[in-house]
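Now for the letters of each chain:
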Amino acid sequence: MAYEALDFYDIDSLLTEEERMVRDMVRDWVEDRVLPNIEDACRDGVFPDEWRVEIGEMGILGAPLKGYGCPGLSYIAYGLICQELERGDSGVRSFASVQGSLAMYPIWDFGSEEQKEKYLPGMAKGDLVGCFGLTEPDYGSNPGDMITRAEDKGGHFLLNGAKMWITNGTIADLAVVWAKLEGEIRGFIVEKGDEGFSAPEMKGKHSLKASVTSELVFQDCKIPKDRILPDVKGLRGPFSCLNNARFGISWGAVGAAQSCFNSAREYALSRIQFGHPIASFQLVQNKLSWMLREITKGQLLAYHIGKKKDDGSWIPEQISLAKMNNVDMALEIARMSRDIHGANGILDEYPVMRHMANLESVKTYEGTHDIHNLILGRHITGIQSFTREP
Amino acid sequence: MGVAVLLKQVPDTTAKIGISGGRVDESSITKWSISPYDEYALENAIKLKESGHGDVVAITCGPARAAKCLTEAAAVGADRLIHILTESSLDSIQVQSLLSAAVKESGCDVVMCGKQAADTNSGSTGPGLASSLGFSCVGGVTGVSMEGDVASATRLGPSGLEEVEVGVPCVFTFDKGDTELRRPNVRGIMMAKKKPIDSLTPDDLGVDASNSKVSIKSHSSPPKKQPGQKFVGSESVPEVVNKLREEANVI
Ligand SMILES: Cc1cc2nc3c(=O)[nH]c(=O)nc-3n(C[C@H](O)[C@H](O)[C@H](O)COP(=O)(O)OP(=O)(O)OC[C@H]3O[C@@H](n4cnc5c(N)ncnc54)[C@H](O)[C@@H]3O)c2cc1C
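Chains A and B are the protein sequences, given in the same order. Residue numbers for the first sequence follow our numbering, so the first one is 1 and each next one is one higher. Residue numbers for the second sequence follow our numbering, so the first one is 1001 and each next one is one higher.
Looking at chain A on its own, in the form it has when it is part of the complex:
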């Protein structure tokens, strides 16, 4: 049966024709290419390279960026792309988020003219893959205390340190790496093959299995002087990338939730117990109605923050709220959907357990759920509670 994405409040009618066409293009691609192959990809723990090629051909990478071969779409269109990709699998959306919001964006916003021209057109086509190295083994929620260092050696920079949990790391042609230069956080572009740089893959994930996660290791890694991002200093650099990625996640989570809702609804209508479809029981209807309600609220949140991104009137705390709420909602819906599927819910025949496991990562990366609570807490009270020091 055709996939009918839940759209109870008719968000569709608020979209431009272009946004709808982009959404349908990605939806069709996910239907044709991701859904039939995702379980194999997860089992093998790979992100199929043809997906990179096809995503590149669709021209959706770096969606809201303008110029340098980038698509120049609206933030709403970018959100819709994330929604459709994540309806397939969070790992596929992660690939696109990292490439667009975490690797292309800092080059686009903080890079030199030469850097933009060198990297962005190839990245928009998917010919060059990027990754984003912020998290370290000992510094996750607290990246400001990172250990990775850059030293100015006159003719080049020397990088030392290690990053962990880096999406796309092993398959990346370039890494945007955040490191301290004379005590201040700066962005550097490290290319695959640079002396002293390696990116071993992390294995054994129960979540985001179709996404590549890696360590980045820098041992006296030598990079040319023109690889520093000239236009940003401090945590503002990585945080502004995260704002864009978190925005995309708030839409992506809706896609995963829509997928779980659909599966639950169809299953409940066809599964007979005690002589009746389980969809006819009030407790099951209550669950479906709760899902409908939460997804609808999440959609409105995502749509509204998208409009604000498009007109520039947003603040980061609003994105924190959308990311936190929508991932939390999607995770609860995945769990509830799994429950409605009974034992069948644990099988790979249905997408729900996969979404559920994926969303555990999504809840943690791009600022954990509670870090977003702290961001909002600071916004409400004016008192930061990330650390005990004043």
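Examples of chain A residues lying across from chain B (beta carbon under 10 Å, computed): (1) GLU18; (2) MET21; (3) VAL22; (4) ASP28; (5) MET58; (6) GLY59; (7) PRO71; (8) GLY72.
No wet-lab data here; the hints were simulated from the structure. Keep in mind it's a predicted model, so treat the numbers as computed, not measured. Beta carbons are placed, not taken as given, at the ideal position from N, Cα and C, and that holds for glycine.
Fit chain B with the ligand to the supplied structure of chain A, relying on the hints for placement.
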């Protein structure tokens, strides 16, 4: 020179069709798409253009919503878009008259369309159009290439492939072959949005679109499928044989 490709907008083959008051309830249809065989015509028209046979002119005949299939065609490479705007229901002759007037206006010498539309399945448009234009017609093709003024088409015959040569002007109706349909991309979608659609009324084309001679009187859903029957054990064999003979009429 040039290829006209005729696109009909139909309910998506996966859409649920509701019936109310003896007619298909259009408001129940959540997704409209280009009729699937027409998509093969479009793909081949673009291939022909890429091999140098002029521009692709996409033509649709239908209500305002049908304009969407022209924009979709532009997103994958159609150069000119013509929308024959009709709100009333038309019979085949009227549709063919409208389309042939639009094809004449476009100056195209090759016309491509699906072998039949997914909603009516009638298959009359291609041959009817050819006869009203005085073009040759080759039906049920899966691929077309051109050498000067001569086209060669591959046809799926009942027992194998048939290669047909035909001079222009001509009409090809398309079957589903193994041609892969191209996907749109963002660049195509953004250009398509800027492409103007020439909107023409039957009056503009000098065709009388009133008083169609054939009209659909009612629609009804196909009969509900009976639930399957289950037989267990060898003792049920005579009963199964009996049912196959008496009820299913297969033995
Ligand atoms: C699949 C995957 C992909 C990833 N991809 C990338 C990537 O591409 N690039 C990148 O740089 N990083 C990436 N990450 C890392 C991710 O951003 C971090 O995991 C995240 O920031 C959390 O850091 P942590 O895991 O060290 O947890 P910690 O920071 O150790 O947090 C552990 C727990 O403590 C809580 N906590 C921490 N501090 C506080 C506090 N002050 N008050 C209250 N609670 C607190 C957290 O909310 C959490 O519940 C990825 C992670 C995963 C799982």
